[in-house]
Amino acid sequence: MFLFRLKRTAKLGIKSLWMHKLRSTLTTLGIIFGVSSVIAMLAIGEGASQAAQEQIARLGSRNIIIKTVPPPEEKEVSSQNQSMREYGLTYLDAERFRNSMPNIEVVVPSRRLPQQAWYRNRKVAVEVIGTVPWYPEISPIQFRTGRFIGSLDMHHREGICVIDENVVKELFVFDDPLGQDVKIAGDYYRVVGIVSPEDLGPASQPLENGAAKAKGQGGANVGSIYIPLTTVRNRFGEVSLQYSGGSGRTMEKVELQEITVKVGATEEVLPTRDILETLLNRFHKKSDFQVVVPLELLKQAKQTQRIFSIVLGSIAAISLLVGGIGIMNIMLATVSERTREIGIRRALGARKRDIILQFLSETLLLTLLGGILGISLGSLVPVLVTHFGRMPTVITGGSLVLAFGISGAVGVIFGLYPAYRAANMDPIESLRHE
Amino acid sequence: MIRRNDGAVEFKADAPTLVMERLCKSYELGSMELKVLRDIALTIDRGEYVAIMGPSGSGKSTLLNMIGCLDRPTSGDYWLGGQNVSLLDDDQISLIRGARIGFIFQSFNLINQLNVVENIEVPMYYQGWSEHESAERARELATMVGLDERFEHRPSELSGGQQQRVAIARALANDPLIILADEPTGNLDSESGAEILKILVGLHKQGKTLIVVTHDTHIATDAGRVIEIFDGKIRHQ
Chain A
1 MFLFRLKRTA KLGIKSLWMH KLRSTLTTLG IIFGVSSVIA MLAIGEGASQ AAQEQIARLG
61 SRNIIIKTVP PPEEKEVSSQ NQSMREYGLT YLDAERFRNS MPNIEVVVPS RRLPQQAWYR
121 NRKVAVEVIG TVPWYPEISP IQFRTGRFIG SLDMHHREGI CVIDENVVKE LFVFDDPLGQ
181 DVKIAGDYYR VVGIVSPEDL GPASQPLENG AAKAKGQGGA NVGSIYIPLT TVRNRFGEVS
241 LQYSGGSGRT MEKVELQEIT VKVGATEEVL PTRDILETLL NRFHKKSDFQ VVVPLELLKQ
301 AKQTQRIFSI VLGSIAAISL LVGGIGIMNI MLATVSERTR EIGIRRALGA RKRDIILQFL
361 SETLLLTLLG GILGISLGSL VPVLVTHFGR MPTVITGGSL VLAFGISGAV GVIFGLYPAY
421 RAANMDPIES LRHE
Chain B
1 MIRRNDGAVE FKADAPTLVM ERLCKSYELG SMELKVLRDI ALTIDRGEYV AIMGPSGSGK
61 STLLNMIGCL DRPTSGDYWL GGQNVSLLDD DQISLIRGAR IGFIFQSFNL INQLNVVENI
121 EVPMYYQGWS EHESAERARE LATMVGLDER FEHRPSELSG GQQQRVAIAR ALANDPLIIL
181 ADEPTGNLDS ESGAEILKIL VGLHKQGKTL IVVTHDTHIA TDAGRVIEIF DGKIRHQ
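As they're listed, the protein sequences go chains A and B.
According to the numbering used here, the residues represented by the first sequence are 1 to 434, in order.
According to the numbering used here, the residues represented by the second sequence are 1 to 237, in order.
You may find that some hints are simply not true.
Claimed, not checked - Calculated lysine to aspartate or glutamate pairs in the EDC-like style (CA-CA distance at most 20 Å, straight line):
{"no.": "1", "chain 1": "A", "residue 1": "Lys7", "chain 2": "B", "residue 2": "Glu136"}
{"no.": "2", "chain 1": "B", "residue 1": "Lys35", "chain 2": "B", "residue 2": "Asp77"}
{"no.": "3", "chain 1": "A", "residue 1": "Lys285", "chain 2": "A", "residue 2": "Asp274"}
{"no.": "4", "chain 1": "A", "residue 1": "Lys285", "chain 2": "A", "residue 2": "Glu252"}
{"no.": "5", "chain 1": "A", "residue 1": "Lys123", "chain 2": "A", "residue 2": "Glu170"}
{"no.": "6", "chain 1": "A", "residue 1": "Lys15", "chain 2": "B", "residue 2": "Glu157"}
{"no.": "7", "chain 1": "A", "residue 1": "Lys299", "chain 2": "A", "residue 2": "Asp274"}
{"no.": "8", "chain 1": "A", "residue 1": "Lys352", "chain 2": "B", "residue 2": "Asp90"}
{"no.": "9", "chain 1": "A", "residue 1": "Lys352", "chain 2": "A", "residue 2": "Glu429"}
{"no.": "10", "chain 1": "A", "residue 1": "Lys11", "chain 2": "B", "residue 2": "Glu133"}
{"no.": "11", "chain 1": "B", "residue 1": "Lys233", "chain 2": "B", "residue 2": "Asp89"}
{"no.": "12", "chain 1": "A", "residue 1": "Lys262", "chain 2": "A", "residue 2": "Glu296"}
{"no.": "13", "chain 1": "A", "residue 1": "Lys11", "chain 2": "B", "residue 2": "Glu118"}
{"no.": "14", "chain 1": "A", "residue 1": "Lys7", "chain 2": "B", "residue 2": "Glu133"}
{"no.": "15", "chain 1": "B", "residue 1": "Lys35", "chain 2": "A", "residue 2": "Glu429"}
{"no.": "16", "chain 1": "A", "residue 1": "Lys11", "chain 2": "B", "residue 2": "Glu136"}
{"no.": "17", "chain 1": "A", "residue 1": "Lys262", "chain 2": "A", "residue 2": "Glu137"}
{"no.": "18", "chain 1": "B", "residue 1": "Lys198", "chain 2": "B", "residue 2": "Glu48"}
{"no.": "19", "chain 1": "A", "residue 1": "Lys11", "chain 2": "B", "residue 2": "Glu152"}
{"no.": "20", "chain 1": "B", "residue 1": "Lys233", "chain 2": "B", "residue 2": "Glu28"}
{"no.": "21", "chain 1": "A", "residue 1": "Lys262", "chain 2": "A", "residue 2": "Glu95"}
{"no.": "22", "chain 1": "A", "residue 1": "Lys352", "chain 2": "B", "residue 2": "Asp91"}
{"no.": "23", "chain 1": "B", "residue 1": "Lys198", "chain 2": "B", "residue 2": "Asp148"}
{"no.": "24", "chain 1": "A", "residue 1": "Lys299", "chain 2": "A", "residue 2": "Glu267"}
{"no.": "25", "chain 1": "A", "residue 1": "Lys15", "chain 2": "B", "residue 2": "Glu118"}
{"no.": "26", "chain 1": "B", "residue 1": "Lys35", "chain 2": "B", "residue 2": "Asp231"}
{"no.": "27", "chain 1": "B", "residue 1": "Lys205", "chain 2": "B", "residue 2": "Asp45"}
{"no.": "28", "chain 1": "A", "residue 1": "Lys352", "chain 2": "B", "residue 2": "Asp77"}
{"no.": "29", "chain 1": "A", "residue 1": "Lys15", "chain 2": "B", "residue 2": "Glu131"}
{"no.": "30", "chain 1": "A", "residue 1": "Lys352", "chain 2": "B", "residue 2": "Asp89"}
{"no.": "31", "chain 1": "A", "residue 1": "Lys183", "chain 2": "A", "residue 2": "Glu165"}
{"no.": "32", "chain 1": "A", "residue 1": "Lys7", "chain 2": "B", "residue 2": "Glu118"}
{"no.": "33", "chain 1": "A", "residue 1": "Lys123", "chain 2": "A", "residue 2": "Asp181"}
{"no.": "34", "chain 1": "A", "residue 1": "Lys11", "chain 2": "B", "residue 2": "Glu131"}
{"no.": "35", "chain 1": "B", "residue 1": "Lys35", "chain 2": "B", "residue 2": "Asp89"}
{"no.": "36", "chain 1": "A", "residue 1": "Lys15", "chain 2": "B", "residue 2": "Glu152"}
{"no.": "37", "chain 1": "A", "residue 1": "Lys7", "chain 2": "B", "residue 2": "Glu131"}
To be verified - A few chain A residues facing chain B, derived, Cβ under 8 Å:
{"no.": "38", "residue": "Arg8"}
{"no.": "39", "residue": "Ile344"}
{"no.": "40", "residue": "Arg345"}
Honestly, the hints are just simulated from the structure, not real lab data.
Cβ coordinates follow ideal geometry from the N, Cα and C atoms, glycine included.
So that you can see chain B by itself, here it is in the shape it has in the complex (with noise of 0.2 Å):
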C-alpha cells in the first residue's frame, strides 16, 4: 500500500531507527564560533516514544532539525535506518525528509490555501503518489484522527486541536520511521493537548516511533524515556 518514491534509499529494517556519533553543530558569528551542539551521541530504537527537554537556548530545536533532517551537522555522523544521511545531496535528504519523518509543528503549519485533505496529501504528492490514491489515504487518515466531518474545510475554519489532529494526519502520511513532534501542545489549551496527547501514545502503541520535544511534564511521564539537553549537551537520558 505506501509506495515509495524511486529516489529514496532504502533503509535497513534490522538497524536501529536513528543514531548519532559525535555530532557537533557550530555556527560562526562573526570571529566567534557559537557551538549549538557538543558530541552528541544518542541511539533510538524502533517503537520509542522519547521526550527532549531542556531550557531554551539550550539546542534541542537544534537537536530537532538535525533529527529531521532540516539541518546539517557541522561534524560527525547520523545515521537514519541505517543510512548515513551526513553523506547525502540536498535532492535526496528532502526525499528522505519526506519518506521517513513526520513532523508535528507547535504551530501547526498547515498551508492556508488547501483544505484537510489537500494539506494531508503534500507529503504523498512529493512522494509522486497517484491523486487517486493520494486523496484516498488523506480521507482514511483524516478520519482516524476523527476530522471525517471537515474534509472540505480549511485550516482557518478549524479549531487548534483540529488543525493539530490534521498535522498528525499529515505526519503519517507517508508512514514514517520517526515522527518527529515540537511542542505539539504548546499553543493548545489543555483539553485539546490533552486530546492530541492521546492520539501521540496512541500511535506509540501502535509501535511508531516518537520524538517529542517539550517542556510539558506530563509528555515526559508518558514516554518512556527523556533525554535532558543543557548547554548543547545530553545531560542525562
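Extracted from the complex, chain A is given alone in its bound form (with noise of 0.2 Å):
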C-alpha cells in the first residue's frame, strides 16, 4: 500500500518535473555542481594527502636522518677570507650514535657529492654517495642486479660502485652494465651491482635543501651511483672548493653529508631522536646540523592534509548549500503558481500530508536526481585533473555516500517548508487563485 503510493507520487512528480523541463534542469544544475565539487575536491584533498604520505613513509618511518648542513652566521665571516671552512657531521659522530645508543639498530654515515660520471662518450651528472654495505636498511632501493657494496670492499678500499637504474638508462645504452668501468673524477670504478632509484620524489626536495646548498649547485643529478665510504674517503678526500660569486673561492672541509638512524620501533624515534639531539649540541658549538624525522613529517602531513580536505570540502558544501537554496526558491514559485491546483486536489480529498508528500517527493527527485549526475560529474573531474593536472586523486567510497547523502538532506530540508506552505493554503482561497 505505502510502496505502491510512493510508486505514483514519484511518478506525478516525474510528470510534473517534466512538464518544466527547462527549469527543472537549471535547479538541478546547482546541485550537480555542488555534489560534484564536493566529490572533486574530496578527491584532490584525498589525493595529495596519500600521495604526500607515501613519499614521506618511503623516507622510513623509524629512521632518523642527521644532514650536515653550513652554519649560517659564519658564511659572511669565512667568504671574506680565503681560509679552510671546516663543519658538519663527522665519524666520530657517527661512531658516538653507535656506542652510546643500545636502542639503535642501526648507523648509516654516508657522504654526498655532485659528480660526474663518463663511460666511454658518454657523460651523467649523478650523486657519488659514499656509505657502507648496510646502506639499504635506511634507503628504498631494491636490487635489479648483481650486490650492493660488501665489508671486504670497505676494508680494501675497493673501487668498485653500484649504480642505479637512471645512471644505467644514460651511460649504457646497448652494453651490460655489470663488470664495466665508469670514470668518476679521474678513477675508474667496476659496476657490481644495479639497484632501483631511490627517487623520493618531491616531498624530499624541502629536506635536501640544506643539504643541496652544502654540495653547491647539486640539483640537477640524474641517478646516484654507491661507493664505498673509505673509497670515497681516500679518493676524494674531505676538502673541497667552493666558487662563491665574485669573492674568490674557499675551502670547506665536510666529514660526512648525512648520518642516518634506524631504531627498533617507531614509539622510540621521538625519544631517541632528543637524545641525539643533546648529544650533537655537545660537541657542535655551531648549529652545522639538521635533524630531519620523517615520522614527524608524517604527522604533520596527515594533519595539514585534514585541515586541507576540512577547507575543500566545506568550501563544496558552501556550493550545495546555494544549490539547496536555489531549489527552494524554485519549489516556493511552483507552489505559488500551482495553488489552484493544490485547492483542486484538497478539494477531491487530499489530506495536508498527501500535499507535503508531493512537494517533498518532487524536490527529493530532483536533489537525488541532481546527486547522481553530481556524482557522475565529480568522478570525471578527478580523473581529468590527474590526466591533465598530473596531480594524484583519490576518491574514496565514503565521499560518494557523503556527497549523495547531502543531497538528499538538502532535498528533504529545503523541500519541507515550500511543501508546508502548500499544504497550509486555505483550499477555498486557493480554489479562487487565478
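Put the two chains together into one complex; each comes in its own frame, and the hints tell you how they fit.
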C-alpha cells in the first residue's frame, strides 16, 4: 500500500517536473555542481594527502636523518678570507651514536658528492654516495642485479660501484653494465650491482635543501652511484673547493653529509631524536646539522591534509547549500504557481500530508537526480585532473556516500518548507486563485 | 466495487443526507464581526435535487463551502450522513470530502498537467484505489459522460462543455453522497449548458442527491426544491 503510493507519488512528481524541463534542469544544476565539487575536492585532497604520506613513508618511518648544513652566521665571515671552513658531521659522531644508544639498530654514515660519471664518451651528472654495506636497510632501494657494497670492499677501499637504473639508462645504451668501468673524477670504478632509483619524490626536496646548498649546485643529478665510504674518503678527500660569486673561492672540510639512524620501533623515534640532538649539541658549537624525522613529517602532513580536506570540503558544501537554496526558491515559486491545483486536490480529498508528500517528492527527485549526475560528474573531474594536471586523486567510497547523503538531506530540508506552505493554504482561497 | 479508504468514517444508511442546525459563520474584519450565515437550519434527504439561489453576497457560496466541508462553521452543527463533521479533524474531513462529496465548479477546475482519465482518477487516488482499478473506473466514467474518444486529451484541448463533463465524471468517481455543483453552467454557452443540465438531471433520476448553486432559473425549475438565501438566512424553501 505504502510502496504503491510512493510509486504513484514519484510518477506524479516526474510528470510535473517533466512539464517544466528547463526549470527542472536549471534547478538540478545547482545540486549537480554542488555534489560534484564535494566529490572532486575531497578526491583531490585525499590524493594529495596519500601521495605526500607515501613519499614521506619511503624515507622510513623508523629513521632519523641528521644532515650537515653550513652554519649560517659564519658564512659571511669565512667567505671574506680564504681560510678553510670546517663544519658538519664527523665519523666520530657516527661512532658516538653507535656506541651510546643501545636501541639504535643501524647507523649509516654517508657522503654525498655531486660528480660527473663517464662511460666511453657518454657522461651523466650523478650524486656519488659514499656509504656502508648496510645502507639498503635505511633506504627504499631495491636490487635489480648484482650485489651491493660488501665489507671487504670497505676494508680494501675497492674501486667498485653500484649504480641505479637512471644511470644505466644514460650511460649504458647497449652494453651490460655489470663488470664495466665507470670513470668519476679521473678514477675508474667497476660496476658490481644495479639498484632501483631511490626517487624520494618532491616531498623530499625541502629536506634536501640544506644538503643541496652544502653540495653547491647539486640539483640536477640524474642518478646515484654508490661507492664504499672508505674509498670515497681515500680518493675524494674531505676538502672541497667552493666558488662563491665574486669573492673568490673557499675551502670547505666536511667529513660526512649525512648520518641516518634507524631505531627498533616507531615509538622510540622521538625520544631517540631528542637524545641524539643533545649529544650532538655537546660536540657541535656551531649549528651545522639538521635533524629530520620522517615520522614527524608524516604526522604533520596528515594533519595539514586533514585541514586541507576540511577547507575544500566546506567550500564545496557551501556550493551545495547554495544549490539547495536555489531549489527552495524554485519550489516556492512552483507552489504559488500551482495554488489552484493544490486547492483542487484538497477539495477532491487530499489531506495536508498528501500535499506535503507530493511537493517533497518533487524536491527529492530533483536533488537525487542532481546527486546521481553530480556523482558522475564529480568522479570524472578527478580523472581529468589526474590526466591533465598530473595530480594524484583518490575517490573514496565515503565521499560518494557523503555527497549523495548531503544532496538527499538538502532535498528534504529545502523541500519541507515549500511543501508545508503548500499544504497549509486555505482550500477555498486556493480555489479562487487565478 | 467502490472501495472506501480505511480512514473514512462510516455513515448511517438511513439518516438524512444532510442536516444543519443553528449553523452560523462569521468573519472578523478588524473589530467588526461580519455574519455571513445566521442560524441556518436545513435538512436534505437522499435523492433530492436542490437548487440554492440568491443574490451575490447573500452567503450562498459560504453555505456551499460549508456543505462541501471546505469551511468550518463558527457555531452550530452539521451532520453529513448522520455523522457530525463539526467534530472531525482536518485529515478526517479531507477524507470525507473525497469520499462523500463530488464537486462541480463553475470554472471546471481540472488539473492542466493531467489528461482526462488522470483527472478523473484524482479523487480515487486520495482514497487509496489501486492504479489499475482507478484507471478502469475513470475510463468507464469518461465513457458515460460521452468522452470515450478523448481519454488522453488534456483539458486545454477540450471545449468548455467537454471539460465540465470531465468534472462531472470526476465528481462521480467515489460514488459520493452529494454532488455539489457551483454554477455548473455559468461558463458555458447555452447549448453546452443544456447538455450539462441533461446529464445532471439524468444523475438525479439515477437516485443521486444533487445540490446546485445557481442563478439559472432553468435549473430552478428542474430542481424539486429551491432554497433562497438572502443576507445569510434561508428566506424561502
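These are the hints, each one checked on the structure:
For the hint linking lysine 7 of chain A to glutamate 136 of chain B, the alpha-carbon distance of about 19 Å falls within 20 Å, and the restraint holds. Distance hint between lysine 35 of chain B and aspartate 77 of chain B is fulfilled; the C-alpha atoms sit about 17 Å from each other, no more than 20 Å. The suggested pairing of lysine 285 of chain A with aspartate 274 of chain A holds, with an alpha-carbon distance near 17 Å, which does not exceed 20 Å. The straight-line distance between the Cα atoms of lysine 285 of chain A and glutamate 252 of chain A is roughly 17 Å, inside the 20 Å bound, and the hint therefore holds.
Between lysine 123 of chain A and glutamate 170 of chain A the alpha-carbon distance is near 8 Å, which keeps this suggested pair within the 20 Å criterion. Among the hinted pairs, lysine 15 of chain A with glutamate 157 of chain B is consistent with the structure: their alpha-carbon atoms are about 18 Å apart, no more than 20 Å. Taking the CA atoms of lysine 299 of chain A and aspartate 274 of chain A, the gap is near 17 Å; set against the 20 Å cutoff, the hint holds. Between lysine 352 of chain A and aspartate 90 of chain B, the direct Cα distance comes to roughly 8 Å. Compliance with the 20 Å bound is thereby established for this hinted pair.
Between lysine 352 of chain A and glutamate 429 of chain A the alpha-carbon distance is near 15 Å, which keeps this suggested pair within the 20 Å criterion. Straight-line distance between C-alpha atoms of lysine 11 of chain A and glutamate 133 of chain B comes to about 17 Å, which keeps the hinted pair within the 20 Å bound. Taking the CA atoms of lysine 233 of chain B and aspartate 89 of chain B, the gap is near 27 Å; set against the 20 Å cutoff, the hint is violated. A distance of roughly 14 Å separates the Cα atoms of lysine 262 of chain A and glutamate 296 of chain A; the hinted pair therefore holds under the 20 Å criterion.
Restraint check: the Cα-Cα separation between lysine 11 of chain A and glutamate 118 of chain B comes to about 12 Å, which is no more than 20 Å; the hinted pair holds. As the CA atoms of lysine 7 of chain A and glutamate 133 of chain B are separated by approximately 16 Å, the hinted pair is consistent with the 20 Å bound. The hinted pair formed by lysine 35 of chain B and glutamate 429 of chain A meets the criterion: a straight-line CA distance of about 19 Å does not exceed 20 Å. Of the supplied pair hints, the one linking lysine 11 of chain A and glutamate 136 of chain B holds, its CA atoms being roughly 18 Å apart against a limit of 20 Å.
With a CA separation close to 8 Å, the supplied pair lysine 262 of chain A and glutamate 137 of chain A stays within the 20 Å bound. A hinted pair counts as satisfied when its Cα atoms are at most 20 Å apart, and lysine 198 of chain B with glutamate 48 of chain B qualifies at roughly 16 Å. Using a Cα cut-off of 20 Å, the hinted pair lysine 11 of chain A and glutamate 152 of chain B holds, with the two alpha carbons roughly 17 Å apart. Using a Cα cut-off of 20 Å, the hinted pair lysine 233 of chain B and glutamate 28 of chain B holds, with the two alpha carbons roughly 19 Å apart.
Under the criterion of a C-alpha separation no larger than 20 Å, the hint pairing lysine 262 of chain A with glutamate 95 of chain A is consistent with the structure, at around 14 Å. For the suggested pair lysine 352 of chain A and aspartate 91 of chain B, the alpha carbons sit about 7 Å apart, so the restraint of at most 20 Å is met. For the hint linking lysine 198 of chain B to aspartate 148 of chain B, the alpha-carbon distance of about 18 Å falls within 20 Å, and the restraint holds. As the CA atoms of lysine 299 of chain A and glutamate 267 of chain A are separated by approximately 13 Å, the hinted pair is consistent with the 20 Å bound.
Only pairs whose Cα atoms come within 20 Å are accepted, and lysine 15 of chain A paired with glutamate 118 of chain B is accepted, the gap being roughly 12 Å. For the proposed pair lysine 35 of chain B and aspartate 231 of chain B, the alpha carbon gap of about 9 Å is at most 20 Å, so the pair holds. In summary, the hint linking lysine 205 of chain B to aspartate 45 of chain B is supported, as the alpha carbons are separated by about 14 Å, within the 20 Å threshold. As the CA atoms of lysine 352 of chain A and aspartate 77 of chain B are separated by approximately 24 Å, the hinted pair breaks the 20 Å bound.
Proposed proximity of lysine 15 of chain A and glutamate 131 of chain B is supported: the alpha carbons are some 16 Å apart, at most 20 Å. Distance restraint check for lysine 352 of chain A and aspartate 89 of chain B: the Cα-Cα separation of roughly 11 Å lies within the 20 Å cut-off, and the hinted pair is therefore satisfied. Our distance criterion of 20 Å between C-alpha atoms is met by lysine 183 of chain A and glutamate 165 of chain A, whose separation comes to about 17 Å. Distance hint between lysine 7 of chain A and glutamate 118 of chain B is fulfilled; the C-alpha atoms sit about 15 Å from each other, no more than 20 Å.
For the hint linking lysine 123 of chain A to aspartate 181 of chain A, the alpha-carbon distance of about 13 Å falls within 20 Å, and the restraint holds. As the CA atoms of lysine 11 of chain A and glutamate 131 of chain B are separated by approximately 11 Å, the hinted pair is consistent with the 20 Å bound. Between the alpha carbons of lysine 35 of chain B and aspartate 89 of chain B the distance comes to roughly 24 Å, so the proposed pair goes past 20 Å and is violated. Taking the CA atoms of lysine 15 of chain A and glutamate 152 of chain B, the gap is about 14 Å. The hint holds against a cut of 20 Å.
For the given pair, lysine 7 of chain A sits about 10 Å from glutamate 131 of chain B by alpha-carbon distance, which is consistent with the 20 Å threshold. The criterion of a C-beta within 8 Å of any C-beta in chain B is met by arginine 8 of chain A, whose closest approach is roughly 6 Å, and the hint holds. Because the smallest distance between the Cβ of isoleucine 344 of chain A and any Cβ of chain B comes to about 5 Å, under 8 Å, the interface hint for this residue holds. Restraint check, arginine 345 of chain A versus chain B: the minimum CB separation of about 7 Å is within 8 Å; hint holds.
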